[in-house]
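**Student:** So you can see what is in the structure, the chains are spelled out below.
Protein chains: 2
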Amino acid sequence: MSAIAATAAELDAVVYNEQGLVPVITQDAETGDVLMFAWMNAETLRMTLAEGRMVYWSRSRREIWRKGDTSGNHQDVRAAYYDCDQDALLFKVHQHGAGACHTGERTCFHRQFGG
Amino acid sequence: MSAIAATAAELDAVVYNEQGLVPVITQDAETGDVLMFAWMNAETLRMTLAEGRMVYWSRSRREIWRKGDTSGNHQDVRAAYYDCDQDALLFKVHQHGAGACHTGERTCFHRQFGG
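Going down the list, the sequences are from chains Y and E.
Position 13 of the first sequence, counted from 1, bears residue number 13 in our numbering, the numbering being contiguous throughout.
Numbering-wise, our numbering comes out as the position in the second sequence, counting from 1, plus 1000.
Since the hints were made in silico from the structure, they are not lab data.
Ideal placement from N, C-alpha and C gives every residue a C-beta, glycine not left out.
Wrong hints could be hidden among the right ones.
[Said to hold, decoys possible] Covered stretches of chain E (in silico footprint by chain Y; criterion: 3 or more residues with CB under 8 Å from a CB of chain Y, positions within the stretch not fixed):
id	segment
1	1034-1042
2	1073-1082
3	1102-1113
[What the hints assert, rightly or not] Some, not all, of what chain Y presents toward chain E, calculated at C-beta under 7 Å:
id	residue
4	I4
5	A5
6	A6
7	P23
8	G32
9	V34
10	F37
11	A80
12	D83
13	T103
14	C108
15	F109
16	R111
17	Q112
18	G114
Sequences are here, hints too, so could you generate the full structure?
**Tutor:** Encoded structure:
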């Protein structure tokens, strides 16, 4: 795990939606596979950068979701990016355990249109 | 460009938010780089799969956004995926032109937290 020393200016620039959330893309730092899509609020973004470990906001459970606390499949942060509009985030991670998906698959995007 | 023959069951399974939109991650099929994050509605998803070319919904302009019609930087679809909850999409594309970003950068995620 490696903490990311984001500046106050970088953190303040992030644009949250009307629910106070920002979309997050999580990518395997080694393979380049997109592992999952989820959300963070300002608090879980700060936790993620400080801990060097992915912490999401669960919209369904309405609670902080420290990925892997239940499953063991936690994700160490390797690098963190924000997009040109500052309203979407990309994290490159090291995925522990079987994978990112609750189904046991490595990536949540394991099904393809057209077969 | 290659059309994707999605089934009616696959299309019907996609979950849209309260604005009728689904989040879309666009990834470079050759390099694996995440190029951009945007949105589609049911109509632009069908157009994208039928044309084999990325067609988004512009939330700011509230209109169909056929990527590259203005910039020339269009995106050919190589493969299309949906996640385990069917509420997020991933497209692997061939990026034409300078890149995906309106700034001229190849990817919209060209800035990193912590420098």
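**Student:** Each hint: holds or not?
**Tutor:** Consistency of the hints with the structure:
1. 1034-1042: holds (count 3)
2. 1073-1082: holds (count 4)
3. 1102-1113: holds (count 9)
4. I4: Because about 5 Å separates I4 of chain Y from the closest Cβ in chain E, which is inside the 7 Å limit, the hint holds.
5. A5: 5 Å, holds
6. A6: It holds, given that the least Cβ distance between A6 of chain Y and chain E is near 4 Å, below 7 Å.
7. P23: 6 Å, holds
8. G32: 3 Å, holds
9. V34: Holds, about 5 Å.
10. F37: For F37 of chain Y, the interface hint holds, since the closest Cβ of chain E sits about 4 Å away, which is under 7 Å.
11. A80: Nearest chain E Cβ about 4 Å off; hint holds.
12. D83: 4 Å, holds
13. T103: 5 Å, holds
14. C108: 4 Å, holds
15. F109: Given a least distance of 4 Å, the restraint on F109 of chain Y holds.
16. R111: 6 Å, holds
17. Q112: This hint holds: Q112 of chain Y lies near chain E, its Cβ roughly 5 Å from the closest one there, short of 7 Å.
18. G114: At about 5 Å, which falls below the 7 Å cut-off, the nearest Cβ of chain E leaves the hint on G114 of chain Y intact, so it holds.
Checked against the numbered hints above, the structure violates none of them.
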